[in-house]
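Asker: So the protein sequences, as listed, match chains H and E.
According to our numbering, the first sequence holds residues 1 to 251 in order.
According to our numbering, the second sequence holds residues 1 to 608 in order.
It should be emphasised that the hints constitute simulated quantities derived from the structure, not laboratory data.
Bear in mind that the values here come from a model prediction, so they are computed numbers and not experimental data.
Don't take every hint at face value.
What the hints assert, rightly or not - Pairs of lysine to aspartate or glutamate, EDC-like flavour, derived with a Cα cap of 20 Å: (1) Lys337/E with Asp204/E; (2) Lys443/E with Glu29/H; (3) Lys445/E with Glu29/H; (4) Lys458/E with Asp186/H; (5) Lys500/E with Asp489/E; (6) Lys445/E with Asp186/H; (7) Lys458/E with Asp96/H; (8) Lys445/E with Glu134/H; (9) Lys387/E with Glu412/E; (10) Lys443/E with Asp39/H; (11) Lys459/E with Asp39/H; (12) Lys387/E with Asp489/E; (13) Lys496/E with Glu603/E.
Unchecked claim - Chain E residues, not near chain H, derived (Cβ > 10 Å throughout): (14) Val31; (15) Thr115; (16) Asn189; (17) Gly235; (18) Leu456; (19) Leu470; (20) Trp477.
We treat Cβ as the ideally placed atom computed from N, Cα and C, and that holds for glycine.
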Amino acid sequence: MLKNISQILALVLLLICPNLLYSQENSTELFQKGNRYYDSSNFKSAIQAYQQLLNRGIKDATVYYNLGNAYFRDKQLGKAILYYRKAQRLSPRDSDIATNLSYSRLFVLDKIKSSSNFSSAFIDKTLNWGTVNEFTFLTFLFYLGSASLGIVTFFKREKIIKRGLAVFLAFFLVLILFATIKISRDSQWQEAVVTSSAVEVYSGPAKEFTLQFTGHEGLELKIEQEKDDWYLAALPNGAKGWLPKASVEKI
Amino acid sequence: MRHRVVFLFIAIIFLMVHIGVAQEITFSAGVDRTQVDLHEQIVLTIQVSGNVQNIPQPQLPVLKNFNVYASGRTQNFSFVNGQTSYTASFNYVLIPTSTGQLTVEAAEITLEGKTYRTNPINITVTQGASVPPTNQPQIKPPTPSKTQATAKTGEDLYLEASVDKRKAYVNEQVTLSLKFYQAVNTLRNPDYTPPALTGFWVEDLPPQKQFYDTRNQRKFAVTEIKMALFPTSAGKKTIGPATLKCLVENYKSLLNKDPFDIFDPGLLSQMRQPEEKILKSNPLEVEILPLPESNKPSNFSGTVGKFNLKASLDKKQTEVNQPLTLRVTLSGAGNIKSLNEPGLPQLADFRIYNSGTSEKISKDNYLVQGSKTFEEILLPQTAGKFKLPPIEFSYFDLSSRSYKTTKSNPLEITVLPGADLASNLPSSVNELSGGVKDINYLKTKAPKLSRGETNLYKKPWFIALQLLPLLALGFTWRYRNHLEKLQTDVSYVRNKRAAKLAQKRLEASNRLLAENNGKEFHAEIAKAISGYLGDKLNLPPASLSKEDIQRELILKKFDEQQINQVIEILNSCDFARFAPTSYERMEMESFYQKASQALIALEEKWSR
Numbered sequence: 001m002l003k004n005i006s007q008i009l010a011l012v013l014l015l016i017c018p019n020l021l022y023s024q025e026n027s028t029e030l031f032q033k034g035n036r037y038y039d040s041s042n043f044k045s046a047i048q049a050y051q052q053l054l055n056r057g058i059k060d061a062t063v064y065y066n067l068g069n070a071y072f073r074d075k076q077l078g079k080a081i082l083y084y085r086k087a088q089r090l091s092p093r094d095s096d097i098a099t100n101l102s103y104s105r106l107f108v109l110d111k112i113k114s115s116s117n118f119s120s121a122f123i124d125k126t127l128n129w130g131t132v133n134e135f136t137f138l139t140f141l142f143y144l145g146s147a148s149l150g151i152v153t154f155f156k157r158e159k160i161i162k163r164g165l166a167v168f169l170a171f172f173l174v175l176i177l178f179a180t181i182k183i184s185r186d187s188q189w190q191e192a193v194v195t196s197s198a199v200e201v202y203s204g205p206a207k208e209f210t211l212q213f214t215g216h217e218g219l220e221l222k223i224e225q226e227k228d229d230w231y232l233a234a235l236p237n238g239a240k241g242w243l244p245k246a247s248v249e250k251i
Numbered sequence: 001m002r003h004r005v006v007f008l009f010i011a012i013i014f015l016m017v018h019i020g021v022a023q024e025i026t027f028s029a030g031v032d033r034t035q036v037d038l039h040e041q042i043v044l045t046i047q048v049s050g051n052v053q054n055i056p057q058p059q060l061p062v063l064k065n066f067n068v069y070a071s072g073r074t075q076n077f078s079f080v081n082g083q084t085s086y087t088a089s090f091n092y093v094l095i096p097t098s099t100g101q102l103t104v105e106a107a108e109i110t111l112e113g114k115t116y117r118t119n120p121i122n123i124t125v126t127q128g129a130s131v132p133p134t135n136q137p138q139i140k141p142p143t144p145s146k147t148q149a150t151a152k153t154g155e156d157l158y159l160e161a162s163v164d165k166r167k168a169y170v171n172e173q174v175t176l177s178l179k180f181y182q183a184v185n186t187l188r189n190p191d192y193t194p195p196a197l198t199g200f201w202v203e204d205l206p207p208q209k210q211f212y213d214t215r216n217q218r219k220f221a222v223t224e225i226k227m228a229l230f231p232t233s234a235g236k237k238t239i240g241p242a243t244l245k246c247l248v249e250n251y252k253s254l255l256n257k258d259p260f261d262i263f264d265p266g267l268l269s270q271m272r273q274p275e276e277k278i279l280k281s282n283p284l285e286v287e288i289l290p291l292p293e294s295n296k297p298s299n300f301s302g303t304v305g306k307f308n309l310k311a312s313l314d315k316k317q318t319e320v321n322q323p324l325t326l327r328v329t330l331s332g333a334g335n336i337k338s339l340n341e342p343g344l345p346q347l348a349d350f351r352i353y354n355s356g357t358s359e360k361i362s363k364d365n366y367l368v369q370g371s372k373t374f375e376e377i378l379l380p381q382t383a384g385k386f387k388l389p390p391i392e393f394s395y396f397d398l399s400s401r402s403y404k405t406t407k408s409n410p411l412e413i414t415v416l417p418g419a420d421l422a423s424n425l426p427s428s429v430n431e432l433s434g435g436v437k438d439i440n441y442l443k444t445k446a447p448k449l450s451r452g453e454t455n456l457y458k459k460p461w462f463i464a465l466q467l468l469p470l471l472a473l474g475f476t477w478r479y480r481n482h483l484e485k486l487q488t489d490v491s492y493v494r495n496k497r498a499a500k501l502a503q504k505r506l507e508a509s510n511r512l513l514a515e516n517n518g519k520e521f522h523a524e525i526a527k528a529i530s531g532y533l534g535d536k537l538n539l540p541p542a543s544l545s546k547e548d549i550q551r552e553l554i555l556k557k558f559d560e561q562q563i564n565q566v567i568e569i570l571n572s573c574d575f576a577r578f579a580p581t582s583y584e585r586m587e588m589e590s591f592y593q594k595a596s597q598a599l600i601a602l603e604e605k606w607s608r
């Protein structure tokens, strides 16, 4: 009976939007095609296949990761780091992504010492632990927990429940804080990776300004401002400067 | 207890932050003592420590009142978990040449563009008992033959100084020789004070030489000591006199006495009475020529002589962050101790730490020569094949009177990507500790390939969901209050049940109406109304008179018409109960309607 209903539902769904099944199958095929190209060391075609998937609007950590690998093998370090970073945003605790990202970073010519101190590094680490949705959901769980424990305290005034409520409330408040920071960072912080082999960074948005330093492929920057064809970018060590938009890609 | 743990945690965090910051350079100077006798030695130690790659020799100020001897450099280098710390001590032996309050001026060092200075040190020099310092050569005169000992003491002893050249370049070796001529025996070892050698770097040239020499047909025993002097600056320099204090037997007093007065009691003591003689050598003038300015190489650091440079590595192959040792050896003739380290080429892919110097000095033929080896620790930062460019060292060649440069052979290093990367990288890449040599392979399992989903917090249903716990909280709170009042508040309970009870009584009266039981019907209606009012007003129904009802309802601000209606109903009920008349069914029904409407009106008014 139940089986029948689901079959009918699937049929109806197919009738309404027939290209749903088609595109899903095709996407999976395309993904596997990319993997086969990669296996036969045809990295350029693999990149094309994965990029087609992305052009369809698919946002998926696995595709980003495989694309990063293909770019790495194709010796496009900047793009590789870019897509590993994109993958990490969607799946922050994946060890493959983390390994490949840190490995490919070893090849970046610019070595930068981060100027962040211990406590801000701790906050960064915590925020990088999960995605926005994970933080949101966790906050909601603790909200729910606090509310239910609150209801229980209306009827049972035991010490242990009150303490539990205090703990849940504390976690809830801290999580709200972290979730807020995470959301505001994700929407305001724009990060980018240098994808051209070298980029000259100037003190203003034109080549007539003083050349401040030269960055190389794979360098990760934070974009703070934009003007015409230029971005104002900041490095983790505090150095800042303007660089042409074409030389970087946003994460 | 819990507070203590929290405090400890915070303290640890602060400590860690501080450790991260504390990487400063310290530069200090100290002496082993501040009060000495003239010609005693003081050890000056200058210490540099911090995470610095190349520590040059600190610049010592010109110390006019001291003879300065460099006595070497010791260092300590540690590399633990990517943290390097480095300490270098430079030792100098200072020998004061004058008495009084002397000042050792501040030494200077320039590291990474910053200049550090030490504090000046005050030293008090007293005349003291002129005991020769232990490190000074002891002049042990050979015993001259007795027959040579004449009565004349005037030229029996003298001290003569000479140099091998009167003109020399800065930092060129000038050999000073001091000869002590003696034709008589001295009573004990003479006190020797070295000459004032301001403006020279001094190296003793052992061994002492002892020989016989004949002058003016007298045979002298000669003790010769030599010193190598390296002038530190150009100009006319004077080598001050050396002094020798010695005791000789006084023959004069013996001769002037009557030889027959042999039993003179003073004679014996006079014979033993020694005479103190102070000998001074002749001062010498030396002209020091400056080194030519023309064709002076940019990396010239003042070395004069003849040198040869060699460089070697302890291994040709290493891993990232695994140190290797580079040895640079300068060998030749000249002022070995003052040799500065040849400048290493800038190596972007290495961190360079100075780990020590060692010297080998031989003084054969009274010429200072030997070798000095500089050890550098190279820490490769990146993998790859590297060629170390040749290391160059420039010096002024004395034989050709021109500048020359000696070069090492280029060296090759192969650096493999290390397994130990993790220790030097941020902790987020701990996955590397397994020794990563390549990226990980693709993920082959096809994912669900969804379009990016919008964030949870932007979805309307999720935002609406946030209200649910709040609503639940509100409702349960009200319910809890209700339950609490039911248990504790009688008037609340009565108030809540009033309408229900009245409803039940009205139903009962309706049944009585059907049975046509007029008396009971009216009694039930009266109970419904007075019971209801009793519950609402929280008064016992038994003691509730119509006057009470009227008064209470006026207090509750019911309008007069409604109050009158209620009283009227109660009156007609009383009347019907006590009057033995029977009632028309129609009449009873309309009364029932009237009573229930009055109750509804009361309830409406109350619940508003």
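Asker: List in ascending order the numbers of the hints, as given earlier, that are violated by the structure.
Answerer: Result: hints 6, 7, 8, 11, 12, 18, 19, 20 break, sorted rising.
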